[in-house]
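For this one, chain A is given, so just place chain B on it according to the hints.
2 protein chains.
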Amino acid sequence: MPHALLDKHRQTLDSALTAIRERGYWSPYSESPSPKAYGEAAPADGRAAFEAHLGRSFELDQPGQSGWHDGEISPYGVELGVRYPVCDPQALVDAALRAMPQWQAVGAEGRVGVCLEILERLNRRSFEIAHAVMMTSGQGWMMAFQAGGPHAQDRGLEAVAYAWREMSFIPHEATWEKPQGKHPALVMRKNYEIVGRGVGVVIGCATFPTWNTYPGLFAALATGNPVLLKPHSQVVLPAAITVRVIREVLAEHGLDPNLAALCVPADREAAQALFRHPEVRSIDYTGSNTFGHWLIDHCRQAQVYAELAGVNTIVIESTDAYRAMLRNLAFTLSLYSGQMCTTSQALVLPAAGIDTDEGHKTFEQVGQDLAAAIEVFLSKPEVAHAVLGAIQSDDTLARIEQASAGAMGQVILAAKALDNPDFPRARVRTPVLVACDAADAAHYSQEQFGPISFMVRATDSESAIALAEDIVRRHGALTAAIYSTREPVIEAMTQATWRAQVALSINLTGGVFVNQSAAFSDFHGTGGNPAANASYADSAFVANRFRVVQRRRHV
Amino acid sequence: MPHALLDKHRQTLDSALTAIRERGYWSPYSESPSPKAYGEAAPADGRAAFEAHLGRSFELDQPGQSGWHDGEISPYGVELGVRYPVCDPQALVDAALRAMPQWQAVGAEGRVGVCLEILERLNRRSFEIAHAVMMTSGQGWMMAFQAGGPHAQDRGLEAVAYAWREMSFIPHEATWEKPQGKHPALVMRKNYEIVGRGVGVVIGCATFPTWNTYPGLFAALATGNPVLLKPHSQVVLPAAITVRVIREVLAEHGLDPNLAALCVPADREAAQALFRHPEVRSIDYTGSNTFGHWLIDHCRQAQVYAELAGVNTIVIESTDAYRAMLRNLAFTLSLYSGQMCTTSQALVLPAAGIDTDEGHKTFEQVGQDLAAAIEVFLSKPEVAHAVLGAIQSDDTLARIEQASAGAMGQVILAAKALDNPDFPRARVRTPVLVACDAADAAHYSQEQFGPISFMVRATDSESAIALAEDIVRRHGALTAAIYSTREPVIEAMTQATWRAQVALSINLTGGVFVNQSAAFSDFHGTGGNPAANASYADSAFVANRFRVVQRRRHV
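First to last, the sequence lines map onto chains A and B. Under the numbering used here, the first residue of the first sequence is numbered 336, with each subsequent residue one higher. Under the numbering used here, the first residue of the second sequence is numbered 336, with each subsequent residue one higher.
One or more hints might be untrue.
If chains are identical, the list can't say which one is meant, so a pair holds when it fits in one copy or spans any two.
Stated by the list, open to error - Distance condition first, Cα-Cα at most 25 angstroms in a straight line; then the derived DSS-like pairs of lysine-lysine:
| id | residue 1 | residue 2 |
| --- | --- | --- |
| 1 | Lys715 | Lys751 |
| 2 | Lys696 | Lys343 |
| 3 | Lys513 | Lys371 |
| 4 | Lys517 | Lys371 |
| 5 | Lys751 | Lys513 |
The set of hints was computed from the structure by calculation and includes no laboratory data. In this text, all values refer to a predicted model and were calculated from it rather than measured experimentally.
Isolated chain A (complex conformation) (with noise of 0.2 angstroms):
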């Protein structure tokens, strides 16, 4: 049965295939949250199966229910009042390893299948999952919708489309005939397995639960591996919808729903423990230096794929398009209240200023610009708070206060709170914005994850890259960008990139920004600085999820 779904996907497949080796545009997944592309009813079918949630348990028929979790909290001040299974992990784990077998067995022909039918029938809960992903990480509309709903689902597919790759480089079975001159050859049928490596459990964070989660989640099932998706204690929803659907469509294809749950351990040691487990031998995980640092140390027994925090930075040296490059930062650095993995922090130029088609800016016209350019930009209500979203943590609400206090350097820009008419009880900010030194290293050098941007005042040209490519050495950066209209400088950037290791977008004006990555064409992460330690997705993100097992005997 599984074998049915390869087919009835191939073409999909075949697409992703073409897509990460070609590396242009494609999707299968409609961003567009249209009637056109999702029917007429799905807006009206989405909202209801979402608030068909609220106050109730959210059942999944788990094997070792202790009781119930429900600390659930809304950025926007929402009561969500749903109450999620709290599992004992080892009935958990238990459960996962009974059901590996029969997930080894149906091949890889089958767990594709079934992963590519996982991802069609997530794609048709969209707008259920992005009112799920808005409510609990407070993204706006539009954002929930597209990062928590297609494109978490394109970098779910992606990481289905490397696995297979690399599981069909696998031959079943072989043929292995060795002459021996004049005697008989050596004959031998060779058989090669494909075995997953044990539980994977993967750990999801406050602001992305879906977009961070599926690149773990579906590479580590394609593999041959039963999962276990512990939510961030806040923001369940996504998560707990997200394993619902696996477990219907294992269910349906006679494979045991237990290949996937929803792990919320009762408190910290359970948690711990889990993660400790020896059968326990993959985890995905994106959030703090901290604990990602912690379970680097600790779970030893398991291969650890990380997103940790990191200092996105720019160097701004020239542009010839002022106004432009500034739209273009004011949007990055509103988007989500900068609340996002890839949101730059550090805006490096040289001290005498820049070069502009508007003729050269010194550092501190260029600081008071993009303040300016900010505001106009939020100016409007509708567009700021479909842009902003709410602040999703007490701690990113503290530290947009300190920034904004002036505790972390000349204050350009302040934040401000915006009322939600919409959600009266949201906590919603504008981006803050601090000038600074080089020198005054303190602040800006750590990730000061939200709405916190710095101006860093450098010697000159050289010294901004150079400042930038240390930054990324040191504390790591998921991407990092340069405004220049002298080759060399760009060059030199590039150079900087690749010792660095980190993405680099070039004189960004328009429509794609820094802090955006499209699955299939972009890797989201090099793995190669402090910032994580693996890549959305490429083949090491997968090739170590599995292990071949042969057999030979002679024919």
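Structure of chain B alone, referenced to chain A:
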């Protein structure tokens, strides 16, 4: 220029790519040391080249040289007297890093072309290398030629083929064009640069100084990393010749020879500082658990690919070719005096004995018959010396004495010291066979490196398979085998090896032996049990040795 090398060797590369996908028999390097394959002059030239090294300083013209190293001891008792450059690891690292951008710039095509040329040059020097391997490791001549020469080259080529396959998926550039409805499409040009991770250190072992180093060496090199080859302090010559060939090929093609260096640190502190050096980003290691785990625990800045100790296991349940089975086992246990990481150590039988084509045999009878088969096989001195070689280390010698004296269980066959007429000071020992109960696990369940094997008495065939699985899961193994005439038993063992993740050989009674693995067809190690965290070679062995750094700009 390097691209011309890719053209020159394209057919070899294409054949290797086909081989790793189809996994039939293939090799471009003749395993027969025949004049037909290597030329009439090759044997004499190779011997002369080897002898020319003796009693001399092995000049490599490397940076930071502070002295000479001369600790080699031949297991054959031959005076070697070669002196090798001792270089400051920091100077080697500095020089390697300086060489890296150029190595990146020639691209995957250039690097792979150079690697293929190096392998061809190494192949031409197979006789010289074979003498070096024989005299340092103690291997017999034929094994030294095959495993030290063409088979090692095969494994190196295999790693290059995997590296090429993964790198060739990364396009140099792509055009990304995203439709925007009625508005003009967003169009970007994207470039993808493959960058190495940093310096690779490859740590050689005393028994297979080329076979076990070439995979890591060529995997690291092909993917853009400079390599420091740190040989075992007593087994240096094969590594030194290898490094010289690599440096020659690099220099001939206008590349910095410091991309590859022989690294003989002045002392243990210098070596440990190297392994922990922040610029060392990969370590390939074959050897003891103690040092391997030290590397894994302390060299967290690097990806460590480790092949460690294991307990290779055979379950003997029944056979329809009793004599042939005994002959096959006798060869396996004798070859290179069991000093292979793939030699079987624990032979597990049901207490009640086994059914054979010569009637039922008790546990004791099988032990006696296997002992007799070993004795018969080694009764001709010329066969014995050719197969056994010499004992590489004092530790192994001591272990053999211990086992022969009954310290590890009931001795069925004691080791004998043989005199090698060609090498009067060679230390030659025949295998030890010990019998014990499954419960007496103290000795058989840890690696007893060398010609020491155990006949282990299990309750029945089910518990024999369960014991084999348990041994592999706890202590690791590179090989496992089963002898049985019953398909359900073979099936049960197959499933046990899937769970324990170890390669299985079934009913080997002819010219294939459990301790041999064929490049391009057999995966050496699964990477999924404690004996090794990686396999030679697969995608996971290469995919994380490079990263992709992209840049994008509007067209």
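| task | Enumerate the violated hints, using their earlier numbering and listing them in ascending order. | result | Of the numbered hints, 2 and 5 do not hold.
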